[in-house]
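Participant: Going down the list, the protein sequences come from chains Z and C.
Taken in order, the first sequence gives residues 1 to 181; the numbers are from our numbering.
Taken in order, the second sequence gives residues 1 to 116; the numbers are from our numbering.
Hints are computed from structural coordinates only; laboratory data are not their basis.
You may find that some hints are simply not true.
As the list claims (entries may be wrong) - Stretches of chain Z that chain C covers, calculated by requiring three or more beta carbons in the stretch to come under 8 Å of a beta carbon on chain C:
| id | segment |
| --- | --- |
| 1 | 78–91 |
| 2 | 155–168 |
Claimed, not checked - Here are the simulated SDA-like pairs of lysine to any residue, each with C-alpha atoms no more than 20 Å apart in a straight line:
| id | chain 1 | residue 1 | chain 2 | residue 2 |
| --- | --- | --- | --- | --- |
| 3 | Z | K156 | Z | E82 |
| 4 | Z | K156 | C | D42 |
| 5 | Z | K90 | Z | Y44 |
| 6 | C | K54 | C | R94 |
| 7 | C | K43 | Z | R161 |
| 8 | C | K43 | Z | A153 |
| 9 | C | K43 | Z | T94 |
| 10 | Z | K74 | C | P106 |
| 11 | C | K43 | Z | A157 |
| 12 | Z | K74 | Z | N139 |
| 13 | Z | K156 | Z | L87 |
| 14 | Z | K74 | C | P84 |
| 15 | Z | K156 | Z | N81 |
| 16 | C | K54 | C | V38 |
| 17 | Z | K89 | Z | G120 |
| 18 | Z | K156 | Z | T94 |
| 19 | C | K43 | C | R94 |
| 20 | C | K43 | Z | A86 |
| 21 | Z | K60 | Z | H179 |
| 22 | C | K43 | Z | E140 |
| 23 | Z | K74 | C | V38 |
| 24 | Z | K74 | C | L82 |
| 25 | C | K43 | Z | Y44 |
| 26 | C | K43 | Z | R75 |
| 27 | Z | K74 | C | K54 |
| 28 | Z | K74 | C | I66 |
| 29 | C | K43 | Z | L115 |
| 30 | C | K43 | Z | E154 |
| 31 | Z | K74 | C | R94 |
| 32 | Z | K60 | Z | L115 |
| 33 | C | K43 | Z | I147 |
| 34 | Z | K74 | C | P83 |
| 35 | Z | K60 | Z | V180 |
| 36 | Z | K156 | C | K43 |
| 37 | C | K43 | Z | K60 |
| 38 | Z | K74 | C | R103 |
| 39 | Z | K60 | C | V38 |
Even glycine gets a Cβ: it sits at the ideal position worked out from N, Cα and C.
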Amino acid sequence: MFKCLFVVGALASAPLSAAQAQSHPQASAPAAQPSDPQIAHIAYTAGQLDIEAADQALAKSTNAEVRAFAETMKRDHAAVNEQAMALVKKLNVTPEANATSTALTEAAARERERLSGLSGMAFDRAYIDNEVAFHRTVNEALRGTLIPGARNAELKALLERGLALFQEHQAHAEQLARHVR
Amino acid sequence: MSVDQGKGERSRREVLASAAILTLAAAWPARAAGRRHVVVIDKMAFGAPPSGVKVGDTITWTNRDIVRHTATARNGAFDLDLPPGASASAVMGRAGAVPYYCRYHPAMRGEISVGV
Ligand SMILES: [Cu+2]
Numbered sequence: 001m002f003k004c005l006f007v008v009g010a011l012a013s014a015p016l017s018a019a020q021a022q023s024h025p026q027a028s029a030p031a032a033q034p035s036d037p038q039i040a041h042i043a044y045t046a047g048q049l050d051i052e053a054a055d056q057a058l059a060k061s062t063n064a065e066v067r068a069f070a071e072t073m074k075r076d077h078a079a080v081n082e083q084a085m086a087l088v089k090k091l092n093v094t095p096e097a098n099a100t101s102t103a104l105t106e107a108a109a110r111e112r113e114r115l116s117g118l119s120g121m122a123f124d125r126a127y128i129d130n131e132v133a134f135h136r137t138v139n140e141a142l143r144g145t146l147i148p149g150a151r152n153a154e155l156k157a158l159l160e161r162g163l164a165l166f167q168e169h170q171a172h173a174e175q176l177a178r179h180v181r
Numbered sequence: 001m002s003v004d005q006g007k008g009e010r011s012r013r014e015v016l017a018s019a020a021i022l023t024l025a026a027a028w029p030a031r032a033a034g035r036r037h038v039v040v041i042d043k044m045a046f047g048a049p050p051s052g053v054k055v056g057d058t059i060t061w062t063n064r065d066i067v068r069h070t071a072t073a074r075n076g077a078f079d080l081d082l083p084p085g086a087s088a089s090a091v092m093g094r095a096g097a098v099p100y101y102c103r104y105h106p107a108m109r110g111e112i113s114v115g116v
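Taking the hints into account, I'd like the entire structure generated from these sequences.
Facilitator: The structure is reproduced here in structure tokens:
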């Protein structure tokens, strides 16, 4: 999680560099702004990773609230990714793997490995805490980098829908984190 | 005798007819008074609550979002499943405030104010 927080954090500062580059035309180095195919890959990957985390929770947790939350994560992220797939197909864009999506995937794999060693209440707490952190990270990236950086209007609109949804997920996870104690 | 019979049949017909009118009359006020209101769901939010809702009115929720939602009354009066693109309705049976939420997304909340 920490590595991915760092990478996404670094990415979140990209719009600022872009703005600086614009106000100082002599600075010719292009800003490290992800392209639309990269943005699509990051957003899609984040959704898939949360579906995998939900699958692990459904395999391990017996807490009704935690299971209902995991079911909602699966349903919602699958719905958004279905729209994302339809959009990239329509736009004839191939999502492109990049450092951020790779870092997200690696961090999620480490979390999954760590959570696999937990059970009962300890697992539930770790899963929910991770859901809070994961959605916070993804939302910061959406707000700071991915939405401002998206060039295609339909991609931007879908990311904005995603942000509204994931903000609710984050609030839901935070509320659950206070319950599951 | 034939006249009497005729009278008898006429009165039977009249009784049946007035019974039918009574049945209609009983059903009519609720239908006539029941106006329809729509609440659109989009981007993780219930649309603005309709104004002037009265007992007997029907509220229809239409989900224009890309994810599934519910409109679930806190008092148990209705619990509507709303997959993307779907609509579902409930008749407001009692006066008062009817707070409701989405079972999948507890931060999504709304309230219908029902007058008499
Ligand atoms: Cu909902």
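Participant: Take the C-alpha atoms of K90 (chain Z) and Y44 (chain Z), compute the straight-line distance between them, and say whether it is at most 20 Å.
Facilitator: holds, 16 Å
Participant: Using a Cβ cutoff of 8 Å, are there at least 3 residues of the segment 78–91 of chain Z near chain C, or does the coverage claim fail?
Facilitator: That given contact holds, which follows from 3 residues of the segment 78–91 of chain Z lying within Cβ reach (below 8 Å) of chain C.
Participant: With a cut-off of 20 Å on the C-alpha distance, tell me whether K60 (chain Z) and V38 (chain C) pass.
Facilitator: Violated. K60 (chain Z) to V38 (chain C) sits at ~41 Å, over the 20 Å cutoff.
Participant: Regarding the pair K74 (chain Z) and V38 (chain C), is the alpha-carbon distance no greater than 20 Å?
Facilitator: violated, 29 Å
Participant: Has the given pair, K43 (chain C) with E140 (chain Z), been kept, meaning a C-alpha gap of at most 20 Å?
Facilitator: holds, 18 Å
Participant: For the pair supplied as a hint, K60 (chain Z) and L115 (chain Z), confirm whether the alpha-carbon distance does not exceed 20 Å.
Facilitator: Roughly 10 Å between the alpha carbons, so the hint for K60 (chain Z) and L115 (chain Z) holds.
Participant: Is the Cα-Cα distance between K156 (chain Z) and T94 (chain Z) 20 Å or less?
Facilitator: Satisfied, since the Cα-Cα distance of roughly 16 Å is no more than 20 Å.
Participant: Can you confirm whether the C-alpha distance between K74 (chain Z) and N139 (chain Z) stays at or below 20 Å?
Facilitator: holds, 17 Å
Participant: Mind checking the alpha carbons of K43 (chain C) and E154 (chain Z) for me, to see if they're no more than 20 Å apart?
Facilitator: holds, 15 Å
Participant: So if I understand the rule, the pair passes when the alpha-carbon distance is 20 Å or less; does K74 (chain Z) with I66 (chain C) pass?
Facilitator: Given pair K74 (chain Z), I66 (chain C) holds - Cα atoms ~14 Å apart, limit 20 Å.
Participant: When you check the alpha-carbon spacing of K43 (chain C) and L115 (chain Z), does it fall within 20 Å?
Facilitator: Distance ~32 Å between K43 (chain C) and L115 (chain Z) Cα, so the pair is violated.
Participant: Taking only the CA atoms, is the gap from K60 (chain Z) to H179 (chain Z) under or equal to 20 Å?
Facilitator: holds, 18 Å
Consistency with the previously given hints fails for numbers 9, 17, 19, 23, 27, 29, 31, 37, 39, ordered from lowest to highest.
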